[in-house]
Amino acid sequence: MSRPKINDFVIKFANVNGSGSASANQLFAKSILRMGVPVGPRNIFPSNIQGLPTWYEVRVSEAGYLGARGGVDLMVAMNPQTWDKDLLGIEPGGYLFYDSTKALPPSKFRDDVNIVGVPLTELCNREYSDPRQRQLFRNMVYVGALCALLAIDIAEMEKLIREQFSSKDSLIAPNIQALHMGHSYASEHFDCPIGLQVRRSDQVGERIFLDGNSAAALGCVYGGATVAAWYPITPSSSLAEAFERYCRNYRRDRDTGKNRYAVIQAEDELASIGMVIGASWNGARAFTCTSGPGISLMQEFIGLAYFAEIPAVIFDVQRGGPSTGMPTRTQQSDLLACAYASHGDTKHVLLFPEDPHECFEFAASAFDYAERLQTPVFVLSDLDIGMNDRLCEPLVWDDSRAYDRGKVVSHDELEAGAEFGRYLDVDGDGIAYRTYPGTHPSRGSFFTRGTSKDRYARYSEAGPDYRDNMQRLLRKFDTARSSLPKPVIREAPKATKLGVICYGSTSAAMTEALDALEADGLHLDHMRIRAFPFCDEVIDFISDHERVFIVEQNRDAQLRFLLVNECALDPAKLISVLHYDGTPITARYIIQEISQDVAALNAKPKKKVAP
Amino acid sequence: MTYISKPKLRHPHLKTNKFGFTHRDYEGAVSTLCAGCGHDSISAAIIQACFELDLPPHRIAKLSGIGCSSKTPTYFLGNSHGFNSVHGRMPSVLTGANLANRDLIYLGISGDGDSASIGLGQFAHSLRRGVNMVYIVENNGVYGLTKGQFSATSDRGSKSKKGATNRDSAIDMVMLAMELGATYVARGFSGDKAQLVPLIKGAIVHRGAAFIDCISPCIAFNNHPGSTKGFDYVREHNEAVNRLDVMSPRETITVDYQAGEVEEVTQHDGSVLRLRKLSEEYDVHDRVAAMHHLQKSKAAGEIVTGVLHVDREPDDLHANLNTLTAPFNKLTEKELCPGSPALEKFNASHR
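These protein sequence lines map, in sequence, to chains A and B. In this text, residue positions in the first sequence follow the numbering used here: the first is 1, and each later residue adds one. In this text, residue positions in the second sequence follow the numbering used here: the first is 1, and each later residue adds one.
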């Protein structure tokens with residue numbers, strides 16, 4: 001037998017949706033974290049509540065690679081519906097873990113895969129009489145068996161069970177009992193540990209384990225959002241729900257019991273964005289969260305917010321489109337829909353968080369950008385980071401940080417005689433001053449409208465007034481360019497003419513791919529873009545390289561389109577690496593695509609020979 | 001067309017209200033609607049209602065959608081912030097604005113195209129949420145700005161100016177509002193200002209979702225024989241069930257009525273709605289009976305006007321959401337941000 005793989009393998013659980021496997025699987029992933037070994041878990045689930053297949057994949061990586069890897073080293077095959085496909089997914093020399101209660105013919109197995117059969121159903125039937133208990137505890141029994149097989153410290157698992165059920169004491173003992181039942185069986189019947197092992201390490205450190213939607217929701221709490229309006233849509237619903245949950249905890253007045261927040265589940269996405277615009281117009285920080293189809297529905301209102309210059313924060317947790325597309329799969333395919341949302345000449349600020357840590361940070365700062373720039377700001381995350389727990393740097397907040405409420409004229413300033421023109425560019429940055437409704441009895445009121453107007457907000461269809469306003473909006477967009485998060489650049493250890501660009505959730509797979517390519521002697525400088533409109537650093541990076549790969553999770557190379565369109569770059573040097581089958585991009589895929597291109601480039605062109 | 005402001009000149013002896021404002025302080029820009037438009041009469045009624053209630057003009061926010069009616073907020077309350085939003089979506093913008101600052105008075109102006117067609121959903125949901133607002137539909141049964149198409153409130157069988165007959169049945173906004181839980185429902189007629197001004201005042205002092213369906217003839221496209229929204233037709237078929245007087249909390253009641261003739265409903269700010277009954281059987285508090293009466297009258301071709309329903313104990317969205325009494329837009333980092341120690345704890349619970 002080959003050497004054991006230690007702290008570097010992929011285990012995948014194939015389950016049936018609704019069978020209660022999710023919490024057991026999550027405990028399994030956390031137990032490895034508690035041993036100081038990084039894990040990257042992913043839920044792969046159908047658009048369904050009960051009955052269809054669902055998978056939970058755990059990447060165990062001491063090196064800290066949290067992106068999807070591709071391939072499976074240990075398959076926990078708990079779903080007969082997907083058995084054949086699950087079996088095929090196992091890497092040669094890998095392991096198949098299954099419920100051996102009922103004997104299966106040899107044709108159901110593979111010769112190049114190690115088989116670990118545990119009679120889970122039999123064990124549970126012997127122990128429990130209630131059918132639901134038999135099903136639920138079966139999950140804990142296999143987790144116990146895995147602890148033995150992979151050398152996971154069972155004490156860590158017991159501790160996690162105690163934490164998990166701290167409010168339901170009565171569940172602790174039976175879960176621990178089930179855990180031990182599986183552990184004992186595996187210890188007695190197999191040579192433990194097997195060729196995949198978890199060994200205690202110190203690679204987790206201070207990092208936290210959190211999903212991007214929760215992180216973004218908490219960012220909204222810290223960023224001072226008081227109004228949330230939303231309409232349920234996967235994969236964004238958990239963001240609104242988390243916001244409400246955190247608000248109940250952090251935003252309820254201790255003395256009066258009154259809420260310092262309002263969450264409205266609206267009748268549709270149009271009403272959601274309408275409420276956000278109304279609230280922001282009136283001086284509250286407000287947001288909505290949605291996914292691609294919701295963005296399509298909001299288009300008209302987004303144009304109004306752009307043209308009437310009203311702040312709005314919009315989270316788009318992207319999924320596979322177009323239309324209902326693949327609602328439970330991940331993509332980065334809404335860039336263009338958001339960047340140029342609405343009719344007429346519009347363009348918008350986009351932020352691309354890479355993980356929950358940035359989801360939190362960008363959520364909080366999105367309100368600053370929206371109010372400073374008086375315009376809609378989109379935070380573009382995706383299902384991969386939005387709905388999966390991801391190991392990331394702890395969330396940070398500087399208590400001296402003040403909200404940037406932007407240019408707002410107060411009652412006293414109006415009283416002192418400040419000149420007020422709602423669309424007057426006083427400071428030359430394209431951003432005019434606004435007032436909140438009800439500020440002053442006789443000064444500072446204005447009419448907000450989607451129709452064209454002059455600098456004093458008076459209705460005007462005069463061509464020069466319209467042009468003047470549209471030009472100022474461009475100046476404002478230029479101001480945005482330099483104030484948004486800068487790209488993160490990683491230079492290769494050796495000088496190189498090759499560059500690679502990625503954004504958002506691709507970064508985990510990208511880091512891994514760069515390390516591997518580097519180890520192989522292929523050096524690339526890397527830039528992770530974090531915002532649109534693009535700042536000078538983005539253009540400089542591309543100008544400094546002869547060939548630049550742009551890695552995206554969509555079909556149409558949407559970021560590349562934005563770069564070519566907005567920065568007047570030579571498209572010939574921008575090479576797309578596109579992954580869009582709904583699964584998260586892997587390092588393997590990036591490595592393969594880039595290596596192939598570079599190999600073709602290095603191959604000497606064949607001499608033409610006359611026939 | 002561009003904006004025309006009104007000259008500031010005024011008569012030196014104009015009557016002032018409690019705050020020293022004259023009627024003129026509640027006006028807006030010069031109307032650009034057709035001369036004689038019913039909507040201008042509604043604007044005038046709003047101006048008078050706000051003047052008589054001594055409201056500081058800047059404490060009112062006026063919001064609208066798109067259409068002739070939605071243009072009118074430019075023509076009244078020039079010292080108020082206004083928001084001309086997108087077609088049929090005023091209710092959501094108003095809802096958001098109301099959440100941000102519960103201290104202002106929210107006046108939503110819409111039309112029958114804006115609220116009964118493209119915006120029917122938002123109309124419905126803002127009422128069922130109990131947003132504290134005055135929602136006025138200036139109802140002329142026709143698309144004016146696009147030149148005379150039928151709207152969803154046009155009666156079946158009514159004729160367009162070009163002679164076409166409307167085949168679809170009409171949406172009755174009052175019936176919908178009653179059904180959806182509006183806590184103050186009235187119908188007025190732009191041709192009867194004496195009736196309309198108190199209806200608007202009553203809606204303003206009511207805390208909850210107040211809806212007024214105001215029949216407002218379109219003199220350009222819907223004021224001809226065969227129309228059921230023209231001046232003559234509405235006058236002939238108008239059945240007022242009551243007359244309303246709105247008394248401010250401090251006002252002494254000077255007029256005496258016979259016992260049983262007048263009903264008083266006290267609003268949360270102490271204002272009193274005094275309802276003089278014109279119809280024996282009509283009970284504004286009995287939602288079900290009122291709806292029955294409205295259906296019967298409608299079948300008989302009558303247009304019922306007046307206060308049609310008042311809930312004695314209205315709820316509003318802020319009460320339902322249990323929100324702070326201070327406006328959200330006054331809150332700062334201090335009240336909103338949980339700070340770094342709470343975040344440390346949060347981090348610790350996610351390891």
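FYI, nobody ran anything at the bench for these hints, they're computed from the structure. Please note: incorrect hints may appear among the correct ones.
Said to hold, decoys possible - Which bits of chain B does chain A cover? Going by a derived footprint, with three or more residues having C-beta under 8 Å, they are: (1) 53-61; (2) 328-338.
Said to hold, decoys possible - Lysine to aspartate or glutamate pairs mimicking DMTMM-like chemistry, simulated, CA-CA at most 25 Å apart: (3) B:Lys345 <-> A:Glu158; (4) A:Lys258 <-> B:Asp155; (5) B:Lys330 <-> A:Glu158; (6) B:Lys345 <-> A:Asp255; (7) B:Lys296 <-> B:Glu333.
None of these values were measured; they are calculated from a predicted model. All C-beta atoms in this analysis are idealised placements derived from N, C-alpha and C, irrespective of residue type, glycine included.
Each hint, compared with the structure:
1. Figure legend: the segment 53-61 of chain B, annotated as covered by chain A; annotation consistent (5 residues with Cβ-Cβ distances under 8 Å, at least 3 required).
2. Beta-carbon proximity to chain A at under 8 Å applies to 9 residues in the segment 328-338 of chain B; the threshold of 3 is reached and the given coverage holds.
3. Restraint check for Lys345 of chain B and Glu158 of chain A: satisfied, since their Cα atoms lie roughly 22 Å apart, inside the 25 Å limit.
4. Distance check on the hinted pair: Lys258 of chain A and Asp155 of chain B sit about 47 Å apart at the alpha-carbon level, beyond 25 Å; violated.
5. Annotation: proposed proximity of Lys330 of chain B to Glu158 of chain A is violated, straight-line Cα distance about 48 Å (limit 25 Å).
6. In summary, the hint linking Lys345 of chain B to Asp255 of chain A is supported, as the alpha carbons are separated by about 23 Å, within the 25 Å threshold.
7. With a C-alpha separation of about 56 Å, the suggested pairing of Lys296 of chain B with Glu333 of chain B is violated against the 25 Å cut-off.
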